[in-house]
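Novice: Add chain B to chain A, keeping to what the hints say.
As you go down the protein sequences, you meet chains A and B in turn. Position one of the first sequence corresponds to residue 1 (UniProt numbering), numbered consecutively onward. Position one of the second sequence corresponds to residue 1 (UniProt numbering), numbered consecutively onward.
None of these hints come from the bench; they were simulated from the model. Keep in mind that the hints are not guaranteed to be accurate.
Because identical chains cannot be distinguished in the list, a pair is counted as satisfied if it fits within a single copy or across any two copies.
Said to hold, decoys possible - Dumping the calculated EDC-like pairs for lysine to aspartate or glutamate here, alpha-carbon to alpha-carbon at most 20 Å:
1) Lys-35 / Glu-113
2) Lys-51 / Glu-116
3) Lys-51 / Glu-159
4) Lys-51 / Asp-169
5) Lys-35 / Glu-18
6) Lys-121 / Asp-131
7) Lys-51 / Asp-166
8) Lys-51 / Asp-22
9) Lys-51 / Glu-113
10) Lys-35 / Asp-50
11) Lys-121 / Glu-64
12) Lys-51 / Asp-131
13) Lys-35 / Asp-140
14) Lys-35 / Glu-159
15) Lys-51 / Glu-18
Every value quoted in this text rests on a predicted model; they were computed, and no experiment measured them.
There are 2 protein chains.
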Amino acid sequence: MGRWEPNARGRLEQAALELYSDRGFEQTTVAEIAKRAGLTERTFFRHFADKREVLFAGGGALQELFVGTVADLPDSVVPIDAVAAALEAVAAGFEGRHAYARERQAVIAANAELRERELIKLASWSAALTDTLRRRGVGDPAASLIAEAGIAVFKVAFERWVEEPDPRDLVQLIRESLDELKAATAGKCGSA
Amino acid sequence: MGRWEPNARGRLEQAALELYSDRGFEQTTVAEIAKRAGLTERTFFRHFADKREVLFAGGGALQELFVGTVADLPDSVVPIDAVAAALEAVAAGFEGRHAYARERQAVIAANAELRERELIKLASWSAALTDTLRRRGVGDPAASLIAEAGIAVFKVAFERWVEEPDPRDLVQLIRESLDELKAATAGKCGSA
Numbered sequence: 001m002g003r004w005e006p007n008a009r010g011r012l013e014q015a016a017l018e019l020y021s022d023r024g025f026e027q028t029t030v031a032e033i034a035k036r037a038g039l040t041e042r043t044f045f046r047h048f049a050d051k052r053e054v055l056f057a058g059g060g061a062l063q064e065l066f067v068g069t070v071a072d073l074p075d076s077v078v079p080i081d082a083v084a085a086a087l088e089a090v091a092a093g094f095e096g097r098h099a100y101a102r103e104r105q106a107v108i109a110a111n112a113e114l115r116e117r118e119l120i121k122l123a124s125w126s127a128a129l130t131d132t133l134r135r136r137g138v139g140d141p142a143a144s145l146i147a148e149a150g151i152a153v154f155k156v157a158f159e160r161w162v163e164e165p166d167p168r169d170l171v172q173l174i175r176e177s178l179d180e181l182k183a184a185t186a187g188k189c190g191s192a
Numbered sequence: 001m002g003r004w005e006p007n008a009r010g011r012l013e014q015a016a017l018e019l020y021s022d023r024g025f026e027q028t029t030v031a032e033i034a035k036r037a038g039l040t041e042r043t044f045f046r047h048f049a050d051k052r053e054v055l056f057a058g059g060g061a062l063q064e065l066f067v068g069t070v071a072d073l074p075d076s077v078v079p080i081d082a083v084a085a086a087l088e089a090v091a092a093g094f095e096g097r098h099a100y101a102r103e104r105q106a107v108i109a110a111n112a113e114l115r116e117r118e119l120i121k122l123a124s125w126s127a128a129l130t131d132t133l134r135r136r137g138v139g140d141p142a143a144s145l146i147a148e149a150g151i152a153v154f155k156v157a158f159e160r161w162v163e164e165p166d167p168r169d170l171v172q173l174i175r176e177s178l179d180e181l182k183a184a185t186a187g188k189c190g191s192a
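For reference, chain A alone in the conformation it holds in the complex:
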């Protein structure tokens, strides 16, 4: 990247999201995104594989944060608590990004191809988390189940967070969702 293009990546992300919101994802071209960002198509393709990937560019870093948080915790932390800590670390990274996340979610909800891509992202997080839990000595199928449950908690809490125009704290929503899941799966224990 040349130094005459400060924050090219962020400008392209913002321009793309604005165009997708205004005109729809299908109707927007890479040329238009580059133009609105004041950059060239060539610069766009230095940062993103295609116009879909602009919306998923942060997913890899979040996955690393997820996996890294779990991997770094002492072995004495039980798996569900390790996953909870990772969920909270990821959630903290969304602070100040509610408006962007909310607009992005609306664009994704409106397009089948993007909804599929979002499912793939979550499946990838779940697979990475499963592997990390296995490396901590968690057996199968517990590793997969805890990973899937953790990603489900994130998904549900995140959807609640972006649905509300006036955002609550995502970390708090994640804690609540995890508590709800624990209460629900413990269903039998609570009754006679």
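Specialist: Quick look at chain B alone, frame taken from chain A:
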């Protein structure tokens, strides 16, 4: 369907799976599937939208079984037990289909487009199950969380089932997976 085409649907499903296994999904055409089944392309398209959908034709019926089982249970059954009953009903429907399911899973695992379609199927089941739980009076986010957890249990147990050449009982694997999930989410309760 004419009566000169007995079990056209099943024959097309079997022919498609054999060709996908032998040559790969991408390399197989609808014309080849129809030919191997001794039927016409026109008959193929009376049953399936395209060559991908042949592998997912049963998904809608399973979703109905899932949702119907939950909806029919008395209100006194707690949500996680309702979902467990539905999982077992769906699992019972796979009895005698292990060889087919195993071959199908191998075809899906080998192709990104099919893996995505499988994720969409599971997301659709989860959404339908969430709606059904809400109609039983389960609040949010509990309804989504229980549905997601239930589908995760199914996914993990089903993958274990098809991985083994010598199949165990799928219903039993589902019970074990649900128990594992319950134990894992109850992590804290078990310790000091």
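Novice: Determine for every hint whether it applies to the structure shown.
Specialist: Now the hints, each set against the structure:
1. Neither within a single protomer nor between protomers do Lys-35 and Glu-113 lie at most 20 Å apart by alpha-carbon distance, with minima of 24 Å and 32 Å respectively.
2. Both within a single protomer and between protomers do Lys-51 and Glu-116 lie at most 20 Å apart by alpha-carbon distance, with minima of 15 Å and 19 Å respectively.
3. In this homomeric assembly, Lys-51 and Glu-159 never come within 20 Å of each other (Cα to Cα): the closest approach is 23 Å inside a single copy and 33 Å across copies.
4. For a Cα distance limit of 20 Å, the shortest separation of Lys-51 from Asp-169 qualifies neither inside one copy, at 30 Å, nor across copies, at 45 Å.
5. In this assembly of identical chains, Lys-35 and Glu-18 lie within 20 Å of each other by CA distance solely inside one copy; the values are 12 Å within and 50 Å between copies.
6. In this assembly of identical chains, Lys-121 and Asp-131 lie within 20 Å of each other by CA distance solely inside one copy; the values are 16 Å within and 24 Å between copies.
7. For a Cα distance limit of 20 Å, the shortest separation of Lys-51 from Asp-166 qualifies neither inside one copy, at 29 Å, nor across copies, at 45 Å.
8. Proximity of Lys-51 and Asp-22 under a CA criterion of 20 Å is satisfied intra-copy only: 15 Å inside one chain copy versus 35 Å between copies.
9. For a Cα distance limit of 20 Å, the shortest separation of Lys-51 from Glu-113 qualifies both inside one copy, at 12 Å, and across copies, at 19 Å.
10. In the homo-oligomer, the alpha carbons of Lys-35 and Asp-50 lie at most 20 Å apart inside one protomer (15 Å), although the nearest pairing across protomers, at 38 Å, exceeds that limit.
11. Taking the shortest alpha-carbon separations for Lys-121 and Glu-64, only the intra-copy value of 12 Å comes in at or below 20 Å, while the best inter-copy value is 27 Å.
12. In this assembly of identical chains, the alpha carbons of Lys-51 and Asp-131 never lie at most 20 Å apart, being 30 Å within a copy and 33 Å across copies at closest.
13. In this homomeric assembly, Lys-35 and Asp-140 never come within 20 Å of each other (Cα to Cα): the closest approach is 50 Å inside a single copy and 42 Å across copies.
14. Within a single copy, Lys-35 and Glu-159 get their C-alpha atoms no closer than 32 Å, and across copies no closer than 47 Å, so neither meets the 20 Å cut-off.
15. For the homomeric pair Lys-51 and Glu-18, the shortest alpha-carbon distance inside one copy (13 Å) is at most 20 Å, but the shortest distance between copies (37 Å) is not.
Figure legend: structure checked against the earlier numbered hints; hints not met, in rising order: 1, 3, 4, 7, 12, 13 and 14.
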